[in-house]
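Visitor: Chains H and Y, in that order, give the protein sequences. Those letters in the first sequence? Residues 1 to 255, by our numbering. Those letters in the second sequence? Residues 1 to 255, by our numbering.
One should not assume that every hint holds.
As the list claims (entries may be wrong) - Facing chain Y, according to a computed beta carbon distance under 7 Å, are these residues of chain H, among others: (1) LEU15; (2) ALA19; (3) ALA21; (4) LEU34; (5) ALA230; (6) LEU238; (7) LEU242; (8) ARG244; (9) LEU245; (10) LEU248; (11) SER249.
Stated by the list, open to error - If you anchor each label on the Cβ, the simulated ranges turn out as follows: (12) Y:GLN239 / H:ARG70: 46 to 52 Å; (13) H:SER235 / Y:ARG135: 36 to 42 Å; (14) H:ALA216 / Y:SER235: 48 to 54 Å; (15) Y:GLN239 / H:GLU126: 33 to 39 Å.
Don't read these hints as lab results, they were simulated from the structure. Computed from a predicted model, the values in this text were never measured in an experiment. We put the CB at the ideal spot given by N, CA and C, even for glycine.
Protein chains: 2
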Amino acid sequence: MTLIPRSHPRYRSLLTRAALAQKAREGLLAPEGLIAHGRGEAFDYLLGERSPPEAREATRLAVACLLRARCPVLSVNGNVAALASKQVAKVARALPHLRIEVNLFHRTPARAERVAEELRRAGVREVLGVHPTARLRGLPSDRGWVDTRGILRADVVVIPLEDGDRAEALRRAGKFVISIDLNPLSRTTLAAHIPIIDELTRVMNRVPLVVRDLRARPSTQWPRWVPSTAQRLRSRTLQRILERLDELSRAGSTS
Amino acid sequence: MTLIPRSHPRYRSLLTRAALAQKAREGLLAPEGLIAHGRGEAFDYLLGERSPPEAREATRLAVACLLRARCPVLSVNGNVAALASKQVAKVARALPHLRIEVNLFHRTPARAERVAEELRRAGVREVLGVHPTARLRGLPSDRGWVDTRGILRADVVVIPLEDGDRAEALRRAGKFVISIDLNPLSRTTLAAHIPIIDELTRVMNRVPLVVRDLRARPSTQWPRWVPSTAQRLRSRTLQRILERLDELSRAGSTS
Chain H
1 MTLIPRSHPR
11 YRSLLTRAAL
21 AQKAREGLLA
31 PEGLIAHGRG
41 EAFDYLLGER
51 SPPEAREATR
61 LAVACLLRAR
71 CPVLSVNGNV
81 AALASKQVAK
91 VARALPHLRI
101 EVNLFHRTPA
111 RAERVAEELR
121 RAGVREVLGV
131 HPTARLRGLP
141 SDRGWVDTRG
151 ILRADVVVIP
161 LEDGDRAEAL
171 RRAGKFVISI
181 DLNPLSRTTL
191 AAHIPIIDEL
201 TRVMNRVPLV
211 VRDLRARPST
221 QWPRWVPSTA
231 QRLRSRTLQR
241 ILERLDELSR
251 AGSTS
Chain Y
1 MTLIPRSHPR
11 YRSLLTRAAL
21 AQKAREGLLA
31 PEGLIAHGRG
41 EAFDYLLGER
51 SPPEAREATR
61 LAVACLLRAR
71 CPVLSVNGNV
81 AALASKQVAK
91 VARALPHLRI
101 EVNLFHRTPA
111 RAERVAEELR
121 RAGVREVLGV
131 HPTARLRGLP
141 SDRGWVDTRG
151 ILRADVVVIP
161 LEDGDRAEAL
171 RRAGKFVISI
181 DLNPLSRTTL
191 AAHIPIIDEL
201 TRVMNRVPLV
211 VRDLRARPST
221 QWPRWVPSTA
231 QRLRSRTLQR
241 ILERLDELSR
251 AGSTS
């Protein structure tokens with residue numbers, strides 16, 4: 001185990017990386033999940049490893065939609081469980097009608113149980129999706145399974161770190177889709193009604209605070225989604241990344 | 001195992017991803033290597049998954065330096081062995097005085113032997129670095145080991161997919177450093193005398209062709225390195241990524 005000095009400028013990112021590698025060794029994450037994490041890391045680096053204002057705005061809008069929802073579901077895969085089980089438990093406590101459902105791209109019964117166990121250990125009371133019986137249309141069998149008490153009947157679905165095919169299938173199935181994904185150009189981000197383009201734990205840590213803040217106001221004051229929202233959020237983040245790359249390229253060229 | 005349709009626009013990238021995940025399951029790659037691959041994927045996506053002209057120029061210049069070198073060494077880690085063992089063997093045949101040395105960030109004797117075995121199976125005759133006895137200054141013990149017949153006495157070192165600390169230590173040790181790395185802003189890219197900012201297998205496939213082409217000309221016509229080379233190569237690639245992001249952001253905003 002390599003020790004990471006606290007003084008390292010990217011200390012948190014390196015710590016997360018080491019923790020994820022360990023979770024993969026324990027079988028919680030699929031190897032493909034590690035590669036996906038690396039892609040996210042690259043985009044977070046381009047965001048400056050902090051939440052841009054439009055991601056905060058998107059999170060606030062997402063929480064308003066979750067508070068208004070009839071049957072909201074948060075979908076959890078191996079990467080989400082490895083990175084943010086504690087945060088999932090806190091979000092579940094802050095939003096008692098939000099159901100938590102395990103949903104794996106590389107599903108095996110053992111790994112579904114392993115992810116559920118990780119969530120329960122972190123304090124999540126009810127975990128759906130371990131023995132799913134319904135199917136989402138347009139996805140191959142091992143990836144299409146959903147829980148009849150969860151995603152099948154959900155009106156709003158939160159999909160952190162989701163694969164593009166599933167994101168699109170959920171949208172086609174008439175769900176209101178909230179994504180959390182660092183890639184501003186991924187198919188998941190493009191498919192979402194509200195794309196939160198930000199790092200998962202930063203978003204999840206913010207959610208309980210936003211819930212408390214919105215609950216303290218009349219719901220007429222909560223932000224409202226309009227069809228142009230998604231495009232506006234994506235364009236602003238892309239613009240921000242362009243500016244940052246430009247800045248980095250100037251810094252690099254003088255070093 | 002998920003089947004990837006040949007018609008998928010990112011077929012090659014997905015195939016590579018599946019192959020690497022498999023190699024990680026077999027213990028050739030460390031989990032951290034998979035995360036690093038993901039970061040590279042994100043940058044390759046921004047390059048349009050093809051070699052930019054400045055990467056071709058850098059490769060040509062690198063080959064000229066290798067042909068002129070007294071004792072050139074190609075450093076191979078788990079990711080390089082998993083992605084490009086066959087290409088390493090072809091490059092070794094094209095450049096008979098180039099020595100191949102195993103160099104691992106997460107070194108265990110078993111994994112060093114595993115990487116060497118992968119190279120030998122692909123046709124590399126001599127693999128250094130399996131039982132290294134010398135140390136590179138400024139690196140912790142498990143990462144500083146080098147071979148006295150290889151990197152210790154090398155004048156030119158090629159470091160594909162290398163970690164920033166090692167790249168900087170090699171430069172400080174007076175080596176002429178040629179990097180192959182998709183991240184135009186990584187410390188490895190910044191430390192290199194010749195940064196080849198491109199995907200490993202594309203570069204390695206090109207090397208034997210360039211060797212043949214240069215050998216057909218008098219060496220006075222081969223390209224020459226000058227101190228401004230590295231910065232120029234980096235700036236051009238960054239500019240290219242900026243343009244591509246701008247283009248993608250326009251495309252995204254109309255979809």
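Visitor: Look at each hint and say if it fits the structure.
Guide: Now the hints, each set against the structure:
no., hint, verdict
1, LEU15, "12 Å, violated"
2, ALA19, "11 Å, violated"
3, ALA21, "4 Å, holds"
4, LEU34, "4 Å, holds"
5, ALA230, "10 Å, violated"
6, LEU238, "4 Å, holds"
7, LEU242, "5 Å, holds"
8, ARG244, "10 Å, violated"
9, LEU245, "6 Å, holds"
10, LEU248, "6 Å, holds"
11, SER249, "4 Å, holds"
12, Y:GLN239 / H:ARG70: 46 to 52 Å, "50 Å, holds"
13, H:SER235 / Y:ARG135: 36 to 42 Å, "51 Å, violated"
14, H:ALA216 / Y:SER235: 48 to 54 Å, "50 Å, holds"
15, Y:GLN239 / H:GLU126: 33 to 39 Å, "52 Å, violated"
When the structure is compared with the earlier hints, violations turn up for hints 1, 2, 5, 8, 13, 15 and for no others.
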